[in-house]
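Engineer: Residues per chain are reported as follows:
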Amino acid sequence: MTMSVSTHVSGSILDALAKSRDEHARSRRRRTVRVWLLRAGVLLAFLGLWEWGTATGRLDPFFFSQPSAIGQFLFDELREGSIWPHIFVTLRESLVGFAIGAATGVTAGILRMQYSLVADVSNPFLTILNVLPRVALAPMFIIWFGVGESSKVALAVSLVFFILMLNTEAGIRALDRELILTMRALGATNRQLFWKVMLPGAVPAMFGGMRLGVVYALLAVVVGEMIAARMGLGQRISFYAASFRAEGLLGTVLVLAMIGLLLNFVVVRVEHVLLKWKGDTA
Amino acid sequence: MDAILPLVPKAKTEIALRVQSVSHAFETPEGKPMLALDDVSFDVPRGQFLALVGASGCGKTTILNMTAGLVQPVAGSVVLNGQPVQGPSRNTGYMFARDGLLPWRSARRNVEVGLELRGVPAAERTETSTRFLEMVGLDSFAYAYPRQLSQGMRQRVAIARTLAINPDTLLMDEPFAALDAQTKLNLQAEFLRIWEKERKTVLFVTHDLAEAVALADRVIVMTSRPGRIQADIEIDLPRPRDPAVIRFNHHFLRLSERVWQALKAGENAR
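Quick mapping for you: the protein sequence lines, in order, are chains F and R.
In terms of our numbering, the first sequence is residues 1 to 282.
In terms of our numbering, the second sequence is residues 1001 to 1270.
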């Protein structure tokens, strides 16, 4: 009865709605363009000030280098290809360390939530290991695993493991009690509760851990390489620092930042696909 | 004319649920025991829609939980379909005020979850979920996630999920309490339409008197702390009923008043 009214006016109302929607989309696009222009402006101002500072002698290029020198360094390195093997080594160590650390961390978190005895017995040991600054173990790992890639992987694992374990546990603990009650009333056994409620419910928290973990894996690997390594971007950084080449050091740091962005981007993409049901992951 | 049912109904009708001299106590936060249910007995014939009403703390949800096998009574027994209840039964459907839908599952997969727990093969699950989604009018939302559905739609999915396991007994704990008035009326009508076809035994807990009278065959009014039966009133309104229309029926108003007075009397007796 009430619906017939709307069909009369729908023409003009729909037009007005479409218009306001278009207007809204246009103003949003304009804003996006403005934000990007301002960001580019900030970056250019920073680089320009830096370049100007060194060119006029206010900053000593020996210590601070200059954007043009860093750009030239990166261009040469990437073109002649001498940096690529180091990139591959660092990336491989980070990914292997992350994968092992994440897999063992999630498993440990699940086991500890499933078996309270395991949790109670392991608590003090894991707490001590977790509060220990793992970077302090780096020399020990190098003695144990050698200057090759495995010592860097071990250091990465020691960081990623705890991040993923704690996040998995937090995810399982924070689960809505209502869901468990409902599923129990529907006839779920303990095993079914675990596989169909607790584990999928903890996935968002696990991804939170993985975003953090992937960055920490890179951090651990670079620190390990800086202490002792034959290959890798961390080794390059030590080398440039020792030979007072600021442009090489900063250029390599820039490459590391790019790798960090890439790793983070991959995790976020996977999360976005797997957690479609949340709808608000960005 | 005073249609208070005798505690033991006519011998011919099959008893689906027998609550016998059930008493239950809780421990208060201060550590003192508190009597929640005091010697409560009633029988529910198969196919009856029984509503339990009473102020909060009268133990009506506890009776529901005992029937579901989630709580064991301190004294007395709960016998469902001839078997004393000892744990959760796979033939009992339980519905709560909150929908409890798994947020990572689509509406369809939520409806199927109870069947999945029972090891029903995928093809049969799909067939059943299709039928029940259609029944609650959500066939076009089969692939929507809970966050994309309104409160009323989510509770519809919960109804479909509860009915999909084909329970012989339905336990409902204020299933429509979280909905706005209009949605509530719609869902009550929809649920009644489905129930009137299948006539499963229903134990329905609510504090909404109008809801109890509009839906049920019989209303048990309980006093609170300790929970006792204050009155047992037969709701002899004709079926099929439309909860939105029956509210203006004279007999409905009379019955509502009786339930309300029983509730008042129970409060004053304390």
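Careful: at least some of the hints might be erroneous.
Stated by the list, open to error - Using 30 Å as the maximum straight-line C-alpha spacing, the simulated DSSO-like pairs for lysine-lysine come out as follows: (1) R:K1184 - R:K1200; (2) F:K196 - F:K276; (3) R:K1032 - F:K278; (4) R:K1197 - R:K1184; (5) R:K1264 - F:K196; (6) R:K1200 - R:K1032.
Unchecked claim - Stretch by stretch, here's where chain R covers chain F in the computed footprint (C-beta under 8 Å, at least three residues): (7) 179-191; (8) 194-205.
Honestly, the hints are just simulated from the structure, not real lab data.
Quick reminder that beta carbons are idealized off the backbone N, C-alpha and C, glycines included.
Engineer: So, for every hint listed, does it hold in this structure?
Structural biologist: So, going through the hints one by one against the coordinates:
no. : hint              : result
1   : R:K1184 - R:K1200 : holds, 21 Å
2   : F:K196 - F:K276   : holds, 17 Å
3   : R:K1032 - F:K278  : violated, 44 Å
4   : R:K1197 - R:K1184 : holds, 20 Å
5   : R:K1264 - F:K196  : violated, 45 Å
6   : R:K1200 - R:K1032 : violated, 39 Å
7   : 179-191           : holds (count 10)
8   : 194-205           : holds (count 5)
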